[in-house]
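Participant: Take a look at the letters that make up each chain.
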Amino acid sequence: MIAIAMFITGAAMLLAALRLLLGPTIEDRVLALDTLYVDALALLVLMGIALESRVYFETALVMAVLGFVATVAVAAYLRRGRIMP
Amino acid sequence: MTFPADLVGLLALLGALFVLLGSLGIVKLSSYLLRLHAATKASTLGVGAILLASALHFSARDGGASLIEVLAAILLFATVPVSAQMLARAALHLHPDLAPPQPDSGSRQTVPEGAEVARPNHGNSAPADRL
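From first to last, the protein sequence lines stand for chains A and B. My numbering applies: residue 1 is where the first sequence begins, and numbers increase by one. My numbering applies: residue 1 is where the second sequence begins, and numbers increase by one.
Quick caveat, the hints were computed from the structure, so don't treat them as lab data. Some hints here could point you the wrong way.
Ranges of calculated distance between the beta carbons of each label pair, as one might list FRET restraints [stated by the list, open to error]: (1) A:Ser53 to B:Pro101: 49 to 55 Å; (2) B:Leu71 to A:Leu22: 33 to 39 Å; (3) A:Gly10 to B:Ser31: 25 to 31 Å; (4) A:Ala73 to B:Leu24: 24 to 30 Å; (5) A:Gly81 to B:Pro81: 23 to 29 Å.
Quick reminder that beta carbons are idealized off the backbone N, C-alpha and C, glycines included.
Turn these sequences into a full structure, and let the hints guide you.
Facilitator: Here you go:
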């Protein structure tokens with residue numbers, strides 16, 4: 001059942017990648033990248049369950065923080081033209 | 001299949017389905033703000049369910065509570081709404097026509113011409129000309 005969940009999450013990542021390629025505006029692409037980060041986190045956690053390993057949680061945590069910082073930085077750049085206030 | 005493994009599988013499947021729902025919303029919905037809501041809310045719920053499944057799995061395997069999944073869930077639930085808010089503000093800055101119409105102007109358009117509408121006049125003697 002974990003394998004089925006991994007397949008479904010992979011399909012979700014493919015859909016997000018489709019929006020990343022298609023996206024008419026730049027916010028759509030940033031949103032698709034943010035969703036790809038979150039989906040990759042879910043896929044890593046599922047892989048940790050399937051492989052009976054806890055090594056992947058640190059990767060998942062780092063991925064969550066990196067995705068947040070990247071999205072906020074790009075959003076601030078789009079809104080104000082610079083990243084730092 | 002034992003009880004925790006069954007529950008872990010069901011939670012992982014449910015979470016994966018919600019993640020798929022969020023990505024489907026990204027592809028299918030028409031407006032950017034709709035896509036933003038679909039992606040952030042459904043995907044966050046799905047990842048929360050998957051993290052709960054992982055916490056159950058490793059707690060049942062090792063004995064004792066597995067807390068790093070709770071840390072990841074708290075981190076995710078705190079950061080995803082912030083990034084969604086920043087993205088929405090950036091989108092409204094770049095495309096101001098994305099903003100939904102104000103409730104006042106929306107109700108004015110549905111009133112037929114010449115219809116008498118009771119408006120509250122809060123102690124203001126002059127009739128409001130900025131309707």
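Participant: Do the beta carbons of Gly81 of chain A and Pro81 of chain B sit within 23 to 29 Å of each other?
Facilitator: The hint (23 to 29 Å, Cβ to Cβ) holds, given that Gly81 of chain A and Pro81 of chain B are roughly 24 Å apart.
Participant: Starting from the range 24 to 30 Å, see whether the pair Ala73 of chain A and Leu24 of chain B falls in it by beta-carbon distance.
Facilitator: The hinted range 24 to 30 Å holds for Ala73 of chain A and Leu24 of chain B, with Cβ atoms some 27 Å apart.
Participant: Would you say the C-beta atoms of Gly10 of chain A and Ser31 of chain B sit inside 25 to 31 Å of each other?
Facilitator: Distance hint for Gly10 of chain A, Ser31 of chain B holds at roughly 27 Å.
Participant: Verify the CB-CB distance for Leu71 of chain B and Leu22 of chain A against the hinted window 33 to 39 Å.
Facilitator: For Leu71 of chain B and Leu22 of chain A the Cβ distance comes to about 35 Å; the hint holds.
Participant: So the hint says 49 to 55 Å: do the beta-carbon atoms of Ser53 of chain A and Pro101 of chain B match that?
Facilitator: Hint holds: Cβ distance 52 Å, inside 49 to 55 Å.
Against the hints set out earlier in the document, no violation occurs for any number.
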